[in-house]
Structures are given as C-alpha cells and as structure tokens.
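All chains should be modelled from the sequences, with the hints used to inform the complete structure.
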Amino acid sequence: MKIFHYTTLDSLAMIMSSRSIKFNRLDKVDDLEERTEPSKVKLWQYLFVSCWTENPEESIPLWRMYSGNAHGVRIGMDIDMFEDNIVGGNNVPVNISHEGLLVRKIPVQDFFRKDYFVLPAAVRYIERGKDTLFYCHVDYVDDVNEKTKDAYQLTKTDAIHASSHISFGEIGKYKNKRWAFQEETRFRLVVMPFNPIFCNPDIVSTIAVNAFHQSKPVPISEYFLKLRTEALNNMEITLHPNATASDRVIVDALCAKYAQGATIKESELRDRVVMK
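Mapping to numbering that gives the first Met the number 0: the sequence shown position 197 is 196, numbers consecutive.
Calculated cross-link-like contacts (lysine-lysine; reagent style DSS-like; alpha-carbon spacing at most 30 Å):
| no. | residue 1 | residue 2 |
| --- | --- | --- |
| 1 | Lys1 | Lys176 |
| 2 | Lys21 | Lys104 |
| 3 | Lys21 | Lys148 |
| 4 | Lys146 | Lys129 |
| 5 | Lys113 | Lys215 |
| 6 | Lys39 | Lys27 |
| 7 | Lys41 | Lys215 |
| 8 | Lys215 | Lys21 |
| 9 | Lys176 | Lys21 |
| 10 | Lys129 | Lys176 |
| 11 | Lys146 | Lys176 |
| 12 | Lys21 | Lys39 |
If you are wondering where the hints come from, they were derived from the structure by calculation, not from laboratory data.
Keep in mind it's a predicted model, so treat the numbers as computed, not measured.
Now the structure itself:
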C-alpha cells in the first residue's frame, strides 16, 4: 500500500540525500488549533508528526498548499517505509524492559540523548483494524478542544504526591472539519522532555509528572526517521501539473543519484488545470 505526500523540490532533494523523513513538532504544522491547550499543559510540544494521505487521486488544494509555487512533486511511498532497528542483547538501555529481541523504528543510539527521549515506535501500523499511536487517520470534528480536553489527567495520591495519565493517542489525531479535504493520515512520535535512562528508577514517575505538569519544553522542533533503501527505490514521484522541463531534469538527476528504482510520472492534471 502506498501513501502520498505533497512537497517541494527542495524537500524532495533533502528526503533523498538524507534518506529520511522529517517529523515536525505539532506547533510547526499549519493548523493553529493543534497547539491549543485545553488541559493547560502543552501536550502538543511532545508530539511530532509527518503528514500524508492515502487518497491516490491528485488533490488540487494539496498541490496549491504544499508544492511550493508550482515547483513541487507528490511522492508515493510504501506505508512500511521506515528502517527497522533491532533492539536487544547488549544494546538495550538499562531502564527499558524487554523480553528477547524487539524491532523498533527509533535507532538505538537515539535512546541515549541526554535531555530528551523518543519513545521507541513499534513496527505496527494498524493493530486489530485500528489506528496505532505511530500511524493514524485524522478525525475531522466540530471542536478539537472537546476531544482533547481529558488527554492529560493529574490525580493526587496524597497531600504531597500525584500521578498523571496522558493519552498521547488523542493528541494530533483531531482537526476541525474545515480541513477534511486533506483526508490526512499521520505518523506520530512522542518525544519526552527528559530521558528515563538517566533517571533513578525509583523516582522516574515523579520526574515525569513534574516535567509534563510544568510543560517542560523539549530541545528540538524536528526529528528525522531513516527510510528503508527498498522504500526509497519504490518511490513514485508525480510531477507538478505545471512542471517545467528543468523540473524534470532535477528530478531525473536526484533519482539517478539516490533512487534508481523510483518511478517518475506526469500529473494526471497536466493540461487540465493551471495552477496560479
């Protein structure tokens, strides 16, 4: 199954040369309502997303919004596009419990960042017919705040202690109905503003409660996840409806260098619509 992403030629060059996809922090996307704070805790800053659509039919609005003034492309990628990393044996951080070998999308070396921690994304995209935290279909609703208001819950356990529960699966899942034309799906990563590996296991829950309750910021605004070589070579590149001959030369050159197996095709909208 292929999913699709509209982007600029510059971004295509970066995707190919780095063999990676950029995840943006939720406050860096174009829907301002996604950074609302109904719970008074800035949960959006801990969610990083990469935005796609499963609709194979070309979208005029998406071309206009994301292709960079008629010099862009639509890429189609296998949904299982990201590189697998084997976690197990001697390369497992001390504070991560496991049994046997695990397959994760986050490279092991990223477990050891001093001031943040990317939750190890599992390989599952759909589990028992439902979305997962890693991959979801956006739900379009009348009121985003109403859907996310209970995502953060703080419960006092006694006079001086408390516990928190965060439903990260509810963050980055909802958008207002005005965005329904996008038919969006998303990859999501949770980035925590501390690294439990370097915390005392006896107090790590307290550290987590304090960090989230105080909306401690994470030190990054983007994160890059590596692509499988096979996925890059299976890429389908659709040229912009107004693509020029020089645009085609650039795309041909990128594929010759980085993705010899990629397919390049003209837009179905070429000679049918003029983008201004």
